[in-house]
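Q: Spelled out from the first residue to the last, the chains are:
Protein chains: 2
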Amino acid sequence: MTRDRLYLFDTTLRDGAQTTGVDFSLADKQAIARLLDDLGVDYVEGGYPGANPLDTQFFSQPNGLKAKFTAFGMTKRAGRSAANDPGVAGLLDAQADAICFVAKSWDHQVRMALGISLEENLDSIRDSVATAKERGREVLVDCEHFFDGYKANPDYALACARTAYEAGARWVVLCDTNGGTLPHEVERIVGEVVETIPGSHLGIHAHNDTEQAVANSLAAVRAGVRQIQGTLNGLGERCGNANLTSLIPTLLLKPAYAERFEIGVDAARLENLTRISRKLDELLNRMPDHHAPYVGSSAFATKAGIHASAVMKDPSTYEHVPPESVGNRRKLLVSDQAGKSNILAELERLGLAIDKDDPRLSRLLGALKDKEAQGYAYEGADASFFLLAKRILGSVPEFFFVERFSVNVERRWNERGELGVFSEAIVKVKVGAEELISAAEGHGPVNALDTALRKDLGKYQSVIEDLKLIDYKVRVFQGGTDAVTRVLIEFQDAGGDRWATVGVSDNIIDASFQALVDSMTYKLLKAGAEV
Amino acid sequence: MTRDRLYLFDTTLRDGAQTTGVDFSLADKQAIARLLDDLGVDYVEGGYPGANPLDTQFFSQPNGLKAKFTAFGMTKRAGRSAANDPGVAGLLDAQADAICFVAKSWDHQVRMALGISLEENLDSIRDSVATAKERGREVLVDCEHFFDGYKANPDYALACARTAYEAGARWVVLCDTNGGTLPHEVERIVGEVVETIPGSHLGIHAHNDTEQAVANSLAAVRAGVRQIQGTLNGLGERCGNANLTSLIPTLLLKPAYAERFEIGVDAARLENLTRISRKLDELLNRMPDHHAPYVGSSAFATKAGIHASAVMKDPSTYEHVPPESVGNRRKLLVSDQAGKSNILAELERLGLAIDKDDPRLSRLLGALKDKEAQGYAYEGADASFFLLAKRILGSVPEFFFVERFSVNVERRWNERGELGVFSEAIVKVKVGAEELISAAEGHGPVNALDTALRKDLGKYQSVIEDLKLIDYKVRVFQGGTDAVTRVLIEFQDAGGDRWATVGVSDNIIDASFQALVDSMTYKLLKAGAEV
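Line by line, the protein sequences give chains A and B.
Each residue of the first sequence is one higher than the one before, counting from 2 in my numbering.
Each residue of the second sequence is one higher than the one before, counting from 2 in my numbering.
These are computed hints drawn from the structure, not numbers from a lab.
It cannot be assumed that every hint is accurate.
[Said to hold, decoys possible] Here are the simulated DSSO-like cross-link-like pairs (lysine-lysine), alpha carbons at most 30 Å apart as the crow flies: (1) B:K341 x B:K314; (2) A:K280 x B:K372; (3) A:K152 x B:K314; (4) A:K152 x A:K67; (5) A:K280 x A:K527; (6) B:K255 x A:K152; (7) A:K357 x A:K527; (8) B:K280 x B:K67; (9) A:K255 x B:K152; (10) B:K469 x B:K372; (11) A:K429 x A:K357.
[Said to hold, decoys possible] Over 12 Å on every C-beta distance to chain A, these chain B residues come out as not near it, computed from the model: (12) R4; (13) P199; (14) K255; (15) E263; (16) R276; (17) A368.
[To be verified] Restraint-style ranges between C-beta atoms, simulated for each label pair: (18) A:D94 x B:E260: 47 to 53 Å; (19) B:D94 x A:L351: 51 to 57 Å; (20) A:D5 x B:I117: 41 to 47 Å; (21) A:D498 x B:K527: 48 to 54 Å; (22) A:F262 x B:K152: 52 to 58 Å; (23) A:N415 x B:Q493: 33 to 39 Å; (24) A:A257 x B:K469: 28 to 34 Å; (25) A:G80 x B:P316: 24 to 30 Å; (26) A:S82 x B:R276: 23 to 29 Å; (27) A:L351 x B:R417: 36 to 42 Å.
Where a beta carbon is used, it is the ideal one built from N, C-alpha and C, also for glycine.
The task is simple: from the sequences and hints, build the whole structure.
A: Structure (structure tokens):
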């Protein structure tokens with residue numbers, strides 16, 4: 002049976018930007034766009050060029066994506082032609098493969114929010130779509146509030162959708178903007194729309210306000226649409242957009258969908274899903290949702306004793322899909338059989354391969370669990386994991402020992418009577434028989450400490466001198482006064498190699514110190530320094 | 002039209018106990034049971050008495066709940082009668098109104114996990130139900146893995162369900178134990194089951210492994226079941242159980258359900274939902290999900306400027322239900338995408354209402370954009386926004402002035418020769434004509450600074466003394482050496498009021514300092530302190 006092609010449209014960088022507490026820098030957007038491309042989505046909606054200066058920049062050069070890079074914006078204002086509308090011009094100036102216009106499709110909104118006639122609204126749609134098409138773009142139209150609009154005035158909502166389609170839009174997207182429509186309503190309404198507009202040109206854009214955005218998206222597909230709009234990790238304002246991180250595995254792994262539809266993501270790319278989802282959380286400094294379907298760290302964790310033996314005999318008895326298919330792993334909280342194979346693979350990758358029956362493996366697993374219970378996370382800290390492993394499997398020389406450090410941050414007046422904040426650090430290090438004491442200033446306490454630590458390391462100075470601290474991330478959890486701080490530091494050396502280390506403490510300076518020392522030790526090991 | 006009665010069965014204290022990182026104490030269970038009763042659920046499943054010592058205690062006395070207090074446990078083992086089964090005895094000893102037996106209903110599981118014959122399993126169900134019924138308990142049977150079992154061997158799965166029903170179970174609950182069944186499959190299968198067992202005696206127990214537990218529960222109701230099992234806040238192992246916090250408002254506020262079904266929760270109790278949800282998070286020391294449907298702090302928050310003016314004219318245009326109906330509130334976010342109307346609304350909410358044509362509004366917008374370009378974000382920092390606004394629209398008194406602070410973090414030996422990291426802060430503050438100098442230790446530099454700042458504030462000491470720092474968040478961006486650090490601090494006072502402030506600097510101590518000072522100033526303003 003030939004499968005229908007189902008298209009995935011990602012709006013993480015546009016609708017996802019509305020998430021409370023999320024602010025994308027230009028670098029963030031570029032990195033995320035590449036992640037999305039790696040995953041295999043068909044469209045990447047990058048933002049609103051013309052209206053948003055950062056997005057104008059984002060769309061100012063070729064993006065190099067395989068996906069169709071899409072610019073979002075409003076249909077022309079009433080009273081002007083699309084060709085003379087500055088907003089539309091901003092969209093047309095953008096280096097985009099496609100333009101997605103958002104249009105009103107609820108009569109009440111047209112009158113109240115736009116203050117124009119129903120006919121003028123249809124004209125705005127028609128003219129905007131036609132103009133963009135003439136200029137060689139693929140055109141999509143998001144019919145805003147479509148389902149509420151259809152319930153209030155089905156003829157008008159349908160007229161908006163049809164106008165878009167007849168003007169040449171490749172896709173007419175039915176949006177549940179308020180997120181309150183129920184799956185059976187979506188299915189019924191879409192079932193009526195496809196009598197007028199072919200499902201091959203229809204899309205669904207759902208929001209999670211009743212916790213059914215995923216179900217609404219699938220209901221729409223069952224009723225005929227062939228494009229799903231959503232975001233990674235369910236980002237989006239209020240309760241989020243439809244979660245592509247939950248939808249993609251369902252579409253690929255559940256026969257009810259996999260046998261009927263083909264999507265741009267294949268089994269191999271699906272195995273990257275967990276990694277991509279976590280990378281996004283890291284980029285945005287967001288706490289990962291451990292209970293997220295498919296990719297959460299607890300998604301395949303079973304606590305009850307009665308399950309564990311059964312799981313190991315036949316995982317499919319207790320797992321609805323194999324965790325490896327999405328790049329996740331089984332977590333048996335009673336015994337960590339699956340954990341062992343993960344570690345072995347990682348050790349091999351780091352050049353520390355050992356036999357699976359080596360007794361030191363259990364010690365390493367135990368040390369890991371211990372550290373993780375304290376708040377350490379080695380997922381983004383490969384160099385710290387390497388050191389932890391090497392200490393158990395072999396040994397790590399003590400190249401240097403920090404006997405003492407003192408970091409001071411002071412708000413005081415300078416010689417011109419201006420108030421400022423100053424940071425200094427003093428460090429006392431033992432390198433072999435030498436005792437070295439260094440002082441340094443910095444723009445902050447961690448910068449001061451890092452500078453002092455790497456100012457004079459005796460015989461090793463030339464090895465660690467060229468290191469550059471390129472990223473510094475802080476996460477404080479178990480909030481309030483019992484807070485535990487985890488610091489992640491990334492370094493780069495002159496050769497271009499990069500590595501990351503982690504430190505945990507209730508004291509942020511101490512946590513940073515641990516990560517800095519790990520980093521320097523790692524570099525010395527890597528460089529083959531001798532004690 | 003007469004409405005059908007739909008029953009809500011809460012398993013927060015039993016299935017919810019499987020959540021990773023959650024451990025209920027006896028006091029927790031008692032407090033949560035009362036919360037659930039306040040909400041109005043029909044059944045509270047308290048745990049597994051006999052098997053779990055804490056639960057045995059929990060069920061050892063009358064509970065005083067209006068809801069039916071339910072004990073959970075396994076059907077009798079093969080080879081004994083129910084009357085002679087110690088597990089069943091443990092359930093019968095419990096002071097419970099109802100007993101919920103979990104039974105296998107997937108032939109593969111019966112053979113593999115239990116190692117008994119299909120007939121013996123049916124016998125275990127029959128005998129357990131009959132025995133409990135004889136002893137005056139209402140009986141429920143959870144048919145474990147029902148949907149997977151039905152797909153593999155529909156006759157057997159149905160036989161298990163029917164056996165339970167014919168033996169006298171008040172409810173036969175169809176469980177999607179692995180969480181992988183899709184809504185349209187649930188609807189189809191339940192539709193077939195109701196041909197054998199009346200829907201009035203059927204329940205649904207869904208899990209969220211494809212992010213469709215809520216949709217699965219509603220699909221089952223549409224197909225005929227009249228009991229929904231779930232947990233508050235979607236607690237539960239792996240990806241959680243069906244989320245009653247999302248289901249209850251949908252059942253009460255969406256006509257598609259409210260017109261057909263009556264539940265034990267009414268509109269008045271529904272207004273407690275947000276409070277109850279947050280109380281549960283607090284009890285379990287879990288980070289609240291700001292994006293949770295209905296009850297999340299962002300559930301009714303809108304960021305884009307284009308929406309705010311429309312929302313204020315007619316909230317139903319943008320809100321699928323009124324936030325007050327679930328005890329939540331509308332939040333118009335202040336952000337770099339904010340337009341004038343957003344700010345005006347927020348100012349009104351903060352008691353700083355001004356006219357939309359007031360020239361100071363533009364100055365405020367300018368100041369806001371300026372600060373945001375430096376890295377400030379006011380979305381989660383309402384108190385800092387308040388101060389920023391008040392400074393422009395009026396004035397904020399200078400209650401105190403920090404002339405100097407010095408924060409020191411030192412790694413050194415203590416009197417026992419052990420290496421440790423110590424933090425101290427000295428603060429010099431001017432309060433009116435008084436100059437006060439205080440020193441404090443802390444477990445980290447920010448804690449030391451906060452303690453020192455609030456150790457002696459002269460005439461204001463009593464006002465700021467009871468403040469508690471309840472959350473501290475750090476975000477470092479524009480990574481590496483040009484890093485800008487943004488700190489968000491949340492405080493709570495003795496009255497239970499909470500507010501958040503923000504600070505930005507390339508120095509994390511300085512950023513924290515700004516947020517701390519803002520917080521104290523805000524509290525003094527709020528308390529009507531006089532300069």
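Q: Does each hint hold? Answer for all of them.
A: Quick rundown of the hints versus the structure:
With a C-alpha separation of about 15 Å, the suggested pair K341 (chain B) and K314 (chain B) falls inside the 30 Å cut-off, and the hint holds. At roughly 28 Å between alpha-carbon atoms, K280 (chain A) and K372 (chain B) fall within 30 Å of each other, so this suggested pair holds. A hinted pair counts as satisfied when its Cα atoms are at most 30 Å apart, and K152 (chain A) with K314 (chain B) qualifies at roughly 21 Å. Proposed proximity of K152 (chain A) and K67 (chain A) is contradicted: the alpha carbons are some 38 Å apart, above 30 Å.
Straight-line distance between C-alpha atoms of K280 (chain A) and K527 (chain A) comes to about 26 Å, which keeps the hinted pair within the 30 Å bound. As the CA atoms of K255 (chain B) and K152 (chain A) are separated by approximately 14 Å, the hinted pair is consistent with the 30 Å bound. For the proposed pair K357 (chain A) and K527 (chain A), the alpha carbon gap of about 25 Å is at most 30 Å, so the pair holds. Between the alpha carbons of K280 (chain B) and K67 (chain B) the distance comes to roughly 20 Å, so the proposed pair stays at or under 30 Å and holds.
Of the supplied pair hints, the one linking K255 (chain A) and K152 (chain B) holds, its CA atoms being roughly 14 Å apart against a limit of 30 Å. Straight-line distance between C-alpha atoms of K469 (chain B) and K372 (chain B) comes to about 27 Å, which keeps the hinted pair within the 30 Å bound. For a cut-off of 30 Å, the pair hint linking K429 (chain A) to K357 (chain A) is broken: about 42 Å separates their Cα positions. Even its closest Cβ contact with chain A, about 17 Å, leaves R4 (chain B) beyond 12 Å, as expected for a residue assigned away from the interface.
With a closest Cβ-Cβ approach of about 22 Å to chain A, P199 (chain B) is found to remain outside the 12 Å limit, as its non-interface label requires. Its beta-carbon lying about 6 Å from the closest one in chain A, K255 (chain B) breaks the requirement of being farther than 12 Å from that chain. Under the 12 Å C-beta cut-off, the non-interface status given to E263 (chain B) relative to chain A holds; the minimum distance is some 18 Å. Look at R276 (chain B): its CB is around 19 Å from the nearest CB on chain A, clear of 12 Å, so calling it non-interface holds up.
Interface exclusion of A368 (chain B) from chain A stands, the closest Cβ pair being 18 Å apart, more than 12 Å. Here the CB-CB span from D94 (chain A) to E260 (chain B) is close to 51 Å, well matched to the stated 47 to 53 Å. Under the hint 51 to 57 Å, the C-beta atoms of D94 (chain B) and L351 (chain A), about 55 Å apart, fit the expected range. In this structure the hint that D5 (chain A) and I117 (chain B) lie 41 to 47 Å apart at CB holds, the actual value being about 45 Å.
Between D498 (chain A) and K527 (chain B) the Cβ separation comes to about 53 Å, which falls inside the hinted range of 48 to 54 Å. F262 (chain A) and K152 (chain B) have their C-beta atoms about 20 Å apart, which leaves the hinted 52 to 58 Å range violated. At roughly 37 Å, the beta carbons of N415 (chain A) and Q493 (chain B) sit within the given window of 33 to 39 Å. Against the hinted window of 28 to 34 Å, the Cβ-Cβ separation of A257 (chain A) and K469 (chain B) comes to about 51 Å, which falls outside the hint.
For the pair G80 (chain A) and P316 (chain B), the supplied restraint of 24 to 30 Å holds, since their beta-carbon distance comes to about 28 Å. Checked against the given bound of 23 to 29 Å, the beta carbons of S82 (chain A) and R276 (chain B), roughly 53 Å apart, lie outside it. Between L351 (chain A) and R417 (chain B) the beta carbon distance is about 37 Å. The supplied range of 36 to 42 Å therefore holds.
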